[in-house]
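Following the hints, position chains B and C against chain A.
Protein chains in written order, with my numbering: chain A, 1 to 304; chain B, 1001 to 1297; chain C, 2001 to 2455.
These are calculated hints, taken from the structure and not from any lab test.
Hints are all accurate, no fakes.
Which bits of chain C does chain A cover? Going by a derived footprint, with three or more residues having C-beta under 8 Å, they are: (1) 2112 to 2125; (2) 2278 to 2291; (3) 2294 to 2307.
Only a predicted model underlies this, so the values are computations on that prediction, with no experimental measurement involved.
Built from N, CA and C at the ideal position, the CB exists for glycine as well.
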Amino acid sequence: MTSESLPHAQPDAVMDQKGTTRQAASTVVQKKDWRRPVARFLLYLILLIGGLGMVFPFVWMVASSLKDASDIYSLSLIPPDPTLGNYREVLNETPFARWFFNSLVVALITTASVAFFDSLVGYVLAKFRFPGRTVIFLLMLSTLMVPTEMLVIPWFVMSINLGWTDSYWGIMFPGVISAFGIFLMRQFFMGVPNDLIDAARIDGFSEFRIFWKIALPLVKPALAALCIFTFLGNWNAYIWPLIVVRSEEMRTLPVGIAFFSSEAGSAFHLIMAAAAMATIPVIIVFVIFQRQIIKGIALTGVKG
Amino acid sequence: MRLTLERRKWIWAYLFLAVPLIFFLSIRIGPTLFAFWMSLHEWDPIALDRPFIGLENYREVFDDEVFWKAFRNTWIYVVVGVPAGLLFSLVVALGLQRLIRFVGFYRVLYFIPYITSLVAVGWVWRWMYTPNGVFNDVLSRLGLPQSGFLGDPGTAIYAIIATTVWQGLGFQIVIFLAGLESIPGDYLDAASVDGASGWQTFRDIVMPLLNPTIVFLVVTGVISNLQVFTQIRSMSSAGTGGPLDSTISVVLYVYQAAFQSLPSEMGYAAAMMVVLFVVILLITVVQLKFLSRGAYD
Amino acid sequence: MSKSRFKTSDTSINRRTALKYGAGAAGAAALAGRGWSAAAQEATPAASAGFDLSGMEVSGDVTIEYWQYEFESKTTLVEELITQFNEANPGITVRQRNFPYDDFRQQVAAAVQAGEGPDVLNVFYGWIPAYVQQQFLQPLSQDAFPHDVIESEYFPMVQAARVGEEYYALPTAVRTLGLFVNNDLLEAAGVEPPTNWEETVEVAIATTQKDGDNFEVVGMTWDIGGQGHHWWRECLIRQNGLLPYSEDNREVFWSEPEGVEAFEWLAAFLLEHEVTQSGFQTDGATAFQNGAAALHVDGSYRVGAYTTNAPELNYSIVPLPGNVEQASFASFWANTITRNAAEGDKNIAAHKFISFLSSPDVMRQWTPATGELPALSALAEEEQFTSDEKLAPFIESLPFSYATFLVDEAALRQDVIDAFDQVILNGVDAATAVAEAEASTQERLDEYWAAIDEG
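Okay, chain A solo, but in the shape it has when bound (with noise of 0.2 Å):
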């Protein structure tokens, strides 16, 4: 322990900090002036070697896919003998952009109506008193609980006696609310102060208004990592999609990838080409909601 364990040694320190409110959360000593660059330095040379660490295996995914077939085990980053035929081989003979498509059309969907139905129920659960509540969270949250493996044949005998196999609806539909999604919001809900809904209540707002206009807008960085989240987990489901799908056409993109490994091995240079291609939506889709998690901070005005 050294001197931030002395709370009151460095009061003026503390109130340089006051412009960027959010280095509080620090540990990070800050005796004087001319240290800070320097430990702001090291933070981010820190966080870019760890950053480099963690990206590494998607780096070599990359490279992998650059390099002919012949060469995907020759463990060089960069490609001996770069070329894009993977990616052309893969365009070409494979319904890609079809794929690409369909996983485009359930991942966009169904995370809008998780989005909707998660921030509805957590709001609910969490801000409302009624006969059954922790009952009905407890059922929902257990629905996390079984592993998807169980389900997939009630699942399926549902989807041939309703005639939804091979469509998007079939695909979709385990997924278009999760319990994952409803717990998230219940716990960013939890801290949305009452006042403000009851305020809200005394001016005539409808129950719906205030979760839409009020609540919902406060907890604005948990829903945007709720839409990451239900987007990635959608774009890559394999296992349901697997067996729903029976066209080709139908495919979704982690279904198409899967049919490049066969009984005699797997066509790694494909696959990377691939899996590189299907993470590009994910990056866009992360960038853009990653800033709607530094606005949240625009929430400071909430009066406790």
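Positioned in the frame of chain A, the structure of chains B and C alone reads:
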């Protein structure tokens, strides 16, 4: 007759919950009950007869050494994986939050493992763990003995946990960031006006306000680690939870019983799943009670 | 407590439904493992014209579904074959559906539970007994496919598709294991491809290259979970002069001294000669493809993958080196009729399609496309196949190739993997590990036969 405000709120609550409840009952709870029903039978999806055998499958589960091995392993995935993931992600999230420039770039860096295709992840990590791979290279440069990693029953499970932690970090960091960014700036301003140090602010203000986030991450982390499956299937030796069952998890074992064993032991798989389900449910309820005391009731 | 990978209780349905097939299965099993006798070779001078199904005609237009796991060269070829079939049988439409190999049983289980699924299903031979017990498969009509024709014209391993009095499947092609040899590495070491156990060890030692403790080239690949378990269980044990199973496939004999010796011979590559490493370049087939392995045991279907992925790899194939005997492992994928096509036009259409897929015409297209060997013994003798230097060693191995009697393929494989891991990782002695594996496999067999015998 006028309803009290209280009653009106009840009605609204049920109204808002109606569609989701119908959804959960039909899409999730129903099939789960169906799995429970299967667990009481000698159930094989392909066979024509599926005789009722009562609790026989459960009796066998409690007698099955491999199941208990898988059960113990599953605990290791949870007890090692969850705290490691939380600690790393909190530290990184606090660091990322202090950044002023290149924020988006840095966040993408840490998020990328989470979006890298699972096939690619399994493949690259297996290469890194091979006898001549990156990790052994580093070990030998440091003058340390080489490790068998995935090939050694003593280390294989930790090698897989390292991958799952690495892969889950992006998710946890984003949730932590959302939690940190939701902390009203006024609280922090007030703390610094009061002259609190960085550590004090963190302990007394940030942590309590972060509690719902942490509860969420602990509970979902435990649930997902209790169900770890894909990484084991793609990384463990022969893909079956080896060597010598040292990495097998309950869900992988369930999968093997249901879909790899021939004839299929679907009823037995369902029984194992029910046992796991009960365990997860109990743990979750206890966690919610303890971690979010006050906020929960 | 008992070690278990899904032992079923005494109330097992499988036991009860199996009654109907009772005694017959024993006979089939006994036949399944028998080698290719000289008589079979002489049986037909030229490839048979196939089967005569002219008596079976569909009464109207009918559509059948054909399911096969994904194997690019096979699925592409079958699409083309369906077109050919349709020209000859205008009333019958065949729709092919594929899914990744790893998800085979999940796909079938989900579909069948929902009352759907394939009419004609391509299955691994080792799954046939279980699927028959489940009453999932329909026997092939004996009028259409007379047993004497099957048994005289096809390789004897195809008899593994017979359960009791009925055949349930016919293959297009069969497979054997051979030894892949990297020519460049052997030449550099100044050694010739091995023909017996002793030479195999010598070649592996001579070709291994190390940098300090690190392997750069392994003399022999190590992949028990790949083909290694077959190599020991069906090939090395027989080569060492021991039958791995009793004639009726009820008893396992691995723990006899010859079996343990064969086990030790294989384990010695890793433990004693130190010419190989578990997990080297992730798996054996990959290491060989990268030119980092001198010897590697694999099937002919691997040739196609190497042609695409490693066009410059200079390798050849020799029959598995023998000891006191010669032996290789045989296996095949075969086409079955499911209970969805139990009767009527669908059943007739399914018969016609299977007959077509097993015809010499199709086999002549199949072998070049997939690297699998023709299932008709006379056809395998045709010059176009025997002159192919990559195929010839596999064809040459057919007379001494045996299809293991598999009651639960994944579990039996696990038994062998565990035995090797016990010895290598836990220092258990070979005799104990083999005895344990034998006991575990014996238990699975006992359970299977108990079900059969109950009737």
